[in-house]
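Protein sequence lines correspond, in order, to chains A and B. If you read the first sequence in the working numbering, its first letter stands for residue 1, the second for the next number, and so on. If you read the second sequence in the working numbering, its first letter stands for residue 203, the second for the next number, and so on.
In short, the hints are calculated from the structure, not lab data. Incorrect hints may have been included.
[Unchecked claim] Below, computed lysine to aspartate or glutamate pairings styled on EDC-like, alpha-carbon distance capped at 16 Å:
id, chain 1, residue 1, chain 2, residue 2
1, A, Lys69, A, Asp28
2, B, Lys616, A, Glu30
3, B, Lys616, A, Asp95
4, A, Lys69, A, Glu30
5, B, Lys584, B, Glu547
6, B, Lys694, B, Asp590
7, A, Lys126, B, Asp498
8, B, Lys616, A, Glu55
9, A, Lys67, A, Asp95
10, B, Lys481, B, Asp494
11, B, Lys483, B, Glu430
12, B, Lys616, B, Asp630
13, B, Lys616, B, Asp590
14, B, Lys694, A, Glu55
15, B, Lys575, B, Asp590
16, B, Lys616, A, Asp28
17, B, Lys483, B, Glu443
[What the hints assert, rightly or not] To give an idea of the interface, some chain B residues facing chain A are shown, with a C-beta separation under 8 Å as derived from the structure:
id, residue
18, Gln234
19, Arg237
20, Leu256
21, Leu278
22, Asn549
Cβ coordinates follow ideal geometry from the N, Cα and C atoms, glycine included.
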Amino acid sequence: MEPLRPGPMSVPGMTETTEAVARARAGDAEAWGELYRQYAPAIFRFSRRALPTREDAEDATMEIFMKLKGKLSQYDETRSFSAWLYRVAANHCWDILRRRKVRQDKETEDVDEVPLEHPDPNQLDKLIEQRTSEEVREALHKLGARARMALVLRYYSDMSYDEIADELGVRRAFVGVVLLRARHELRQALEGKAALAAGGTP
Amino acid sequence: MSEPADPVSQKRPDGTMDHLDEITCLMYAERQLDRARAEAVSAHAQDCAACRTLLRALERESRLLTRAMLEEDEPLPARLAHFQQSARASFQWVWGLIFALAATGLYAVYTEFVAWTDRLEQAGLGGTSLLNLLIVQGAFWKGWQSVITLLEALAMVTLVGFGAIVLRRRIGRRGSALALVLASFCAFMVLPTMASATEFRRGDRITIGPDEVIHGDVYAAGGRVRVEGTIDGDLIAGAGEIEVLGHVVGDVISSSGTMRVTGQVDGNIRSYAGNMTIKGKVGRNVMIAGGDLNIDRDAVIGGSVSSFGGHLTMDGQVGHDVLAMGGAVTISGTLSGGATVRSGELNFDSTAVVKGPVEFAGDNPAEISSGAKLASPVHFTKLRHGPDYNSSSYYIWRVIWMAAYILFGLALFKVMPDFSRECVGMADRYGPSLGLGILAGPGVFVGGCIACVTVVGLFIGISTLFLLWGALYYAQVIAATMVGQWILGRSKENWPLIGRMAIGMVIVRLSFVIPHAGFWLKLFVLIWGMGAITLALYSRFQPRIPAAHAAPIQPLPVAAGPAL
């Protein structure tokens, strides 16, 4: 199935989705089933990337859709449904992670702590080239909750910096910092060596 | 906190340009820089190969991230694929059916038990119910019986269940929901009484002396409790032997081996006792569960007498009615009200005086001595042993219970899916689960009873027996799931397991109806299920052995290797 992402990618199916949403709002069980069939795989994948275990992702997917039933009346039909759905999913997953307080203390907004060292571009390039998608997915699960969430919101949900700031509760100006730190953590997880993550200087 | 530093590079003293920092490159690659800064970065990158490489690496990293995240590496789990369908099915017609059955159950409760509640009301236990009497009204329970009806009890249990689910979500999925439910329930039972406590006494021999006056409630736990003085409140006691020679202004609520009341109790006596003798005066009602009750010639009871379980010998005066279920009943004294007796035998001695109607359900008609004075003839009903297969209500109740079990199983599979799955897995090991079940069921029961008798462990004992009682229901759910698996095949998913449980439960409950064989089948199911639960618990408490393929511990490096 073609991955569903907010924004332009979801435009082709938008008319059908809007109709299904309208019917689901009116209590049409078939329409609800249609929405579920269409979006459940993408939301499961989103949850899978954002949450630590597969079981968590399964639970979260079900909870998100249960929640969605109640929230459907709040959806503004002039906007993208999938974007709105991702917001709901992101809120839910972030709530779960926040409640668990998983490794949140690893990230701060303190700019002074952000490594602004120039990394070794060639080594970084080499590292990126050598790593497979599967390795990246494995490494993602080694990251702190916020770092992982930031990457998922940006590179899976294609959220803007404003939206990410809103979701994570940070100032818009520091979304880049959060993302960069997340990338460093990821590189560290991929490489298993602190040197690269700390700036990559040999 | 300040904004990130100006991204664009500065000139070095020697005139060469410093490199762009990584955050600037990232913001540029992500198109987050304003026009002026983006142009500056672009201009720099044209002259600087290292920064160009970095920009390219960052973009490649972004693409790798997106690709890694969007790749469909795992199919949608079956649980989710069927979720919408099963949710619709369960939340619509399955739930509809269950609620319809629940409504039928309520109607049946109303029509069938209304007579009993009337009787109990007459017996001075206004507004209470059979369930409340037998289950809810524990040794620590005080004063609730007048407000709790069957429906309120069910509502309370439901509330505790929902509370447990909410708490479980807050606390986390690893917590034992069952423990939480039981702990909340126990706390709920104890708290109302604890709140009004004024005095606690504990010891082998507790005596309230003849000159002693205690204003407030007394909680006593010991080998022997003796009240010679006055308690201007309630006496709540758990002991091997309790003796009231003095005066208790409030109620006496007790659990004991033997109990003697030769003094005066102005309120009610509610007791779980092996044997109770009343020689003194009781202002209101007497209720005993479990053992024999002997109302002496000198005894005067202002209210009613309810006896469940043992023999009842009534030689004194009772102001209202007598309700007795269980052992033989002998009436020699004066009963101002009527009597409802359901037991093996009923005797009226020549000195007996009964001013109200007498209803007796037993094996043989009541024996009435010639001198006995009864206001009206005894209304006798031959007691039927075993189920009445000709009665429609019998089948209605079977269906209601079946639905209740399915609902119970559904709740358990939802509240503790992992443990339920483990139990079902253990039930698959027939030999160990049956063997352990034979030991565990009676073992826990005996253990609970011993804990109760040793007084100090009374609360633990009662909790254990409650746990066992719940486990017996759970055992049927587990065994039914296995039966369902025999028919539909094995499954590890929650909803398919619930479906198998429902089908299995129908079969298991139907099998219990078979005359003669039903009893043995039920015993088999209980033993099997209990064994599976015990095995699952055992495996949970076993220390985890590290996996054989776990990576060996690496020695610490002598020195850090070269950085990349």
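Could you check the structure against the hints above and give me the numbers of any it violates, in ascending order?
-> 2, 3, 6, 7, 12, 13, 15, 16, 17, 19 and 22
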